[in-house]
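Chains as they are written, first to last, in this note's numbering: chain G, 9 to 109; chain H, 27 to 187; chain D, 39 to 384.
Any given hint might turn out to be false.
[Unchecked claim] Lysine-lysine pairs mimicking BS3-like chemistry, simulated, CA-CA at most 25 angstroms apart:
no.	chain 1	residue 1	chain 2	residue 2
1	H	K186	D	K362
2	D	K102	D	K185
3	D	K362	H	K184
Don't read these hints as lab results, they were simulated from the structure. Since this is a predicted model, take the numbers as computed values, not measurements.
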Amino acid sequence: MSVPTTHFVTLAAVLFAVGTAGVLLRRSGISVLLGIELMLNAVNLTLVAFARQHGHLDGQVFVFFIMAVAAAEVAVGLALLVAIFRHQQSIDVDRLNILRW
Amino acid sequence: MELAVFYVAAVVAVATGVIAVAHRNPVVNVMSLVVTFFCVAVCYALLAAPFLAAAQILVYAGAILVLFLFVVMLLNAPLPATDQPRQLQRVFGVAAVLLVGLGGAALALVAAPGPAIPPAEGTAAAIGRLLVGPHLFAFELVSVLLLAALVGAMVLVKRKA
Amino acid sequence: MWAELAVTAAKLLAVAVVLLTCVPIMVWVERRGAAFIQDRLGPNRVGPMGLLQPVIDAVKLFFKEDLTPGGVNPVLYTLAPMVSMFVALVTFIVIPFSADAGVEVFGVPLRGIHVAPDLGVGVLYLLAISSLGVYGIVLAGWSSNNKYSLLGGLRSSAQLLSYELSLTLAVLGVILVSGSLNLQEVISRQGPELWKWHAVTQPIGFIVFLVAAFAETNRLPFDLAEAETELVAGYHVEYSSMRFASFFMSEYINIVTISALTVTLFLGGWQVPWLTATLSGWPLLLVSVAAFAAKVAFLLWLFVWVRWSLPRFRYDQLMQLGWKGLLPLAALNLLIVGVAMSQGWM
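All chains, full assembly: derive it from the sequences and hints.
Right under this line is the structure:
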């Protein structure tokens, strides 16, 4: 183990924080989805790092499933975004307030 | 040597990650996220997960982000006049980010390393055995999920005839 | 460690040089071959039999004015041809050009002319890098600030993505039989006999792969995205001089790479039916390289032959063929291979 696990987990924590910043602080729907992808990748990195530390591959199988689920989520999320854009000609998430009381 | 590769990959990953969420131009955001995913794939390779490294490039960089790029180009949405959130949101957002970032880093640093177990090599064969063995149910369920997502995405963008 | 690194670097350099030399040769073959198919002579004035024509073409392209159109995004405009070239060049490190003949160079085992013999996920790496080729095209189309470029870029990338699926499924049939993602293993599984080649045992997969290969490299009959008569030049219409030369070269390098991949996966790689099983050492190395080169040359000629013989597909016909024709066929191939393997026939 030439690179300690804590290095990888710290990198993952920083990437997760950057992704959270993207989700919370941007108004464009695309940026929100990009932030979500970054967060998912950070989690994947954590899982693989711990899988290596504990010596069995279940973490890597979990990451495989997360990749598949992320692909599905991106497809549906972008389809939603396209449908929203067709309706109101903008992808500003602050304008998605039709269902508000 | 591996430490040097890790540091380069880490610095580039964080830098391009910040560009990916901060830049105004959405095409630049997507392209810098591609570089971030590349660096994460390098980290997987360092962590004895070659199959996942290749799958990361194939799925994330080669498919998901291409889909993002397509949508960005097809929508050609005008950049919002002020892409800045309101003041309160900004405060909460920064607070949440700091909490998450520092909390995660703190947890990472106190994670006690377990006993020295020889790492299992993440080859395609090994992962495949796990997928059709203990995790068969989840594997089949994921294929149903992908089908549902496929049909759902097509229904969502279907124009009313 | 340094000796091994030096040997790998030497192999890398040798293969890169050969690959880059293939481009002018392909240009010459294309132009003379096209001419003979069309019952004319082609370039035959520059050098003997027109062999220096590609060199002169390269010089001409080099001296053309490198103009950047107004309103383009400069970073992406410059990045696109670089991405295309990069993707085209790094795929060859997993392709075994010769047998692992047990030859030693300066005390270091050569492991055959195979730059990365230990990459356990060889085929997956190749598919991953090919899927990155879409970025060069999409970025070129977008950043050129030209509606024809954008249309061509989007069409071309949609085509590439669609046919990538059939390509991957066809490859999957081969991998299923070989039991490994490493390309040397795939070749050694194709046995010394001719009837064990995957083109013979999985003909549907072979046809699907070949058609998808034509679509992946944007070659006729699937080159609508860059056809001169349709979209002016598609995604690279706004590029001139060396940037256009980058796209041009990366297209030909892609053709060579995919021919090499077809030979490796379906046509037995560097094997000659009974010859390579009996040789060893330096003769094996040379014979296997020659066999590989001959097979790849045949496939390159096939690419040129098909280009000048078949008419172009319309875009909707192309997409229909990809999704409604090739994908079910590739899935059928996988089914047949699976059944055959479970019954022990393969």
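Take the C-alpha atoms of K102(D) and K185(D), compute the straight-line distance between them, and say whether it is at most 25 angstroms. 24 angstroms, holds
Sort out whether K184(H) lies within 25 angstroms of K362(D), counting only the CA atoms. Since the Cα atoms of K362(D) and K184(H) sit roughly 19 angstroms apart, the hinted pair holds (cutoff 25 angstroms).
For K186(H) and K362(D), compute the direct alpha-carbon distance and say whether it is at most 25 angstroms. The given pair, whose Cα atoms are some 24 angstroms apart, holds under the 25 angstroms limit.
Checked against the numbered hints given earlier, the structure satisfies every one of them.
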